[in-house]
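If you're matching them up, the sequences are chains V and X in order. For the first sequence, our numbering assigns the number 1 to the initial residue and increments by one for each residue that follows. For the second sequence, our numbering assigns the number 1 to the initial residue and increments by one for each residue that follows.
Treat the hints loosely; a few may be bogus.
If chains are identical, the list can't say which one is meant, so a pair holds when it fits in one copy or spans any two.
[Unchecked claim] Calculated pairs, SDA-like style, for lysine to any residue (alpha carbon to alpha carbon, straight line, at most 25 Å):
no., residue 1, residue 2
1, K103, P158
2, K142, L45
3, K103, Q184
4, K278, Q228
5, K84, G277
6, K278, P41
7, K106, P211
8, K103, P211
9, K103, I226
10, K67, R94
11, K126, R137
12, K106, D117
13, K76, R94
14, K64, L74
15, K64, A13
16, K106, A13
17, K142, E129
18, K103, E155
19, K84, S100
20, K106, E155
21, K103, T267
What the hints contain is simulated information worked out from the structure, not anything from laboratory work.
Protein chains: 2
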Amino acid sequence: MFVTELFVDGEPAESIPASDRGFLYGHGLFETMRLWQGNLPLLDLHLDRLESGARTLSIVCDLKAIKHQLDFILPKLPAEGLLKLVLTAGDGLRGYPYHSTNKEVKPRCLIQYFPLDGGVSEVRLKLCEYRLPDNPRLAGIKHLNRLDQVMAAAELPPNSDGLLLDQTGNVIEALSSNLFVLYQGQWLTPSLQRSGVAGVMRQLLMEQVIPAVGLTPRCQDIDLGILQVAEEVFICNAVRGVSSVMEITGLNQTLFSAVRTPSSALTQTALIQAELGKHYPCFGE
Amino acid sequence: MFVTELFVDGEPAESIPASDRGFLYGHGLFETMRLWQGNLPLLDLHLDRLESGARTLSIVCDLKAIKHQLDFILPKLPAEGLLKLVLTAGDGLRGYPYHSTNKEVKPRCLIQYFPLDGGVSEVRLKLCEYRLPDNPRLAGIKHLNRLDQVMAAAELPPNSDGLLLDQTGNVIEALSSNLFVLYQGQWLTPSLQRSGVAGVMRQLLMEQVIPAVGLTPRCQDIDLGILQVAEEVFICNAVRGVSSVMEITGLNQTLFSAVRTPSSALTQTALIQAELGKHYPCFGE
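One chain only, chain V, in its complex shape (with noise of 0.2 Å):
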């Protein structure tokens, strides 16, 4: 009922065994992926990143397989749209230890789309007051286990997008977008070496678009008193590329709130956008 197009293992479907792992324990990954003429523009950056965390999680990654189903599935999808792509450990017996070179556990991927709903390109972030757990070993990878992400959009208006601290205080992300600030004139994104989920856009803006407009970005911690004298700050993800954040508020004030420019864009995140749209025209707004 809930579920638009969903394939299991490149077969219609609208289930799974629950003695799939990713159910019992949320033993399995994600991506969620921008579809755009029929075609995944990331694909490749989303791809390299669940071979990563599929090797974290002992999930043997079989990438040729996964792009045979896109293929396949692709051609019966609308144009527009995104994909959710979940990768699991498969079927298992109960316990947590995990087999994967036995030849009877078989990963499952599931592929499923959804239409594009409505985005804005300006938010307002809430603080949040759940914190995410430092958990190094798991940190940056986008594995099934959402509770915390769950926890503190429980927290938050309808539509709204909430900010996200660690347990110390230090910036982490939004609810499903990694967050950038421009600072003393240097694009600063928090580092995610203890909790997050280091998204594929914010590598391509770290490697590529930030690079291409002059400036070097950083990966660092990022404290609230850095955001509150910050001159920008945005948000970005692989569906809906990078949104301006307007203001941020939380502890009874206002943490961010951004100085709008006469065509009311900001000007250096409007710059990202330009160069991001040259060569994503999807992102290109």
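The hints should help you fit chain X onto chain V, whose structure is shown.
Here is chain X on its own, set in the frame of chain V:
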């Protein structure tokens, strides 16, 4: 194939919708209950904990309906074994926000039978390198985000159990058991304010069994230093009851080694096992 006997919302089933939030985010809880002579001896403790966890995760927990399902299912199952009960937040649209007050949102209850696997009354623990994250808001509850246990289990040889520490090096629990340490004549168990699962057997021992043998257990931070000079150590859970820990190894040394009495039982642990067995014969050896 792996599923032995599964009921979903009271009906025989083998799968769940891929839109279940238990699968998408681990937005759910579970209880693993000993089945003995056709009954669930610790059912009330399990349901209390389930209800408390559901409150934290904003899942509506209809205990009357769950009991009704159990009454219907129990006569269909073998008299001995264990039941795993999973309560999820039900089906979700894409996105983390959850609307538990929406009438279309219905939690999902899975009840699955497993035979009891051959247990051991004496165990050896290996210290895991993987550390549990600090997460005060989710600590104690038995939710479906279990990658911590999957990661820790991956370090262990087959059929062995591990000892888990938190980020600061405090002893928290075994892979799927709580831990008690006899130190200077007093039973201590780790504080689970920041990580770990608060087991119902732990609760039963703390509140009833240990006081009944004339001792006052204490819940506190326990570091490896305390463990190394402990007189006795045992682990406990709601399936196996109390198991003596004979040895704990890690960091290239023996961290704890039990002193055997002539009867090969640890004196104080044996007293607790006997007291537990008096009231719950299934845990009585």
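Here is what the structure says about each hint:
1. K103 / P158: between (45 Å within a copy, 17 Å between copies)
2. K142 / L45: within (13 Å within a copy, 34 Å between copies)
3. K103 / Q184: For K103 and Q184, the Cα distance exceeds 25 Å both inside one copy (55 Å) and across copies (50 Å).
4. K278 / Q228: For K278 and Q228, the Cα distance exceeds 25 Å both inside one copy (31 Å) and across copies (62 Å).
5. K84 / G277: within (22 Å within a copy, 50 Å between copies)
6. K278 / P41: within (13 Å within a copy, 66 Å between copies)
7. K106 / P211: Answer is neither; intra-copy 41 Å and inter-copy 48 Å both fail.
8. K103 / P211: neither (45 Å within a copy, 49 Å between copies)
9. K103 / I226: neither (51 Å within a copy, 43 Å between copies)
10. K67 / R94: Classified as between; 23 Å across copies, 31 Å inside a copy.
11. K126 / R137: between (28 Å within a copy, 19 Å between copies)
12. K106 / D117: So K106 and D117 pass the 25 Å test across copies only (24 Å; inside, 33 Å).
13. K76 / R94: between (37 Å within a copy, 21 Å between copies)
14. K64 / L74: This pair counts as within: shortest intra-copy Cα distance 15 Å, inter-copy 46 Å.
15. K64 / A13: within (21 Å within a copy, 33 Å between copies)
16. K106 / A13: both (17 Å within a copy, 21 Å between copies)
17. K142 / E129: both (22 Å within a copy, 22 Å between copies)
18. K103 / E155: between (44 Å within a copy, 20 Å between copies)
19. K84 / S100: Both. Shortest intra-copy (24 Å) and inter-copy (24 Å) distances satisfy the 25 Å Cα cut-off.
20. K106 / E155: between (38 Å within a copy, 21 Å between copies)
21. K103 / T267: neither (55 Å within a copy, 45 Å between copies)
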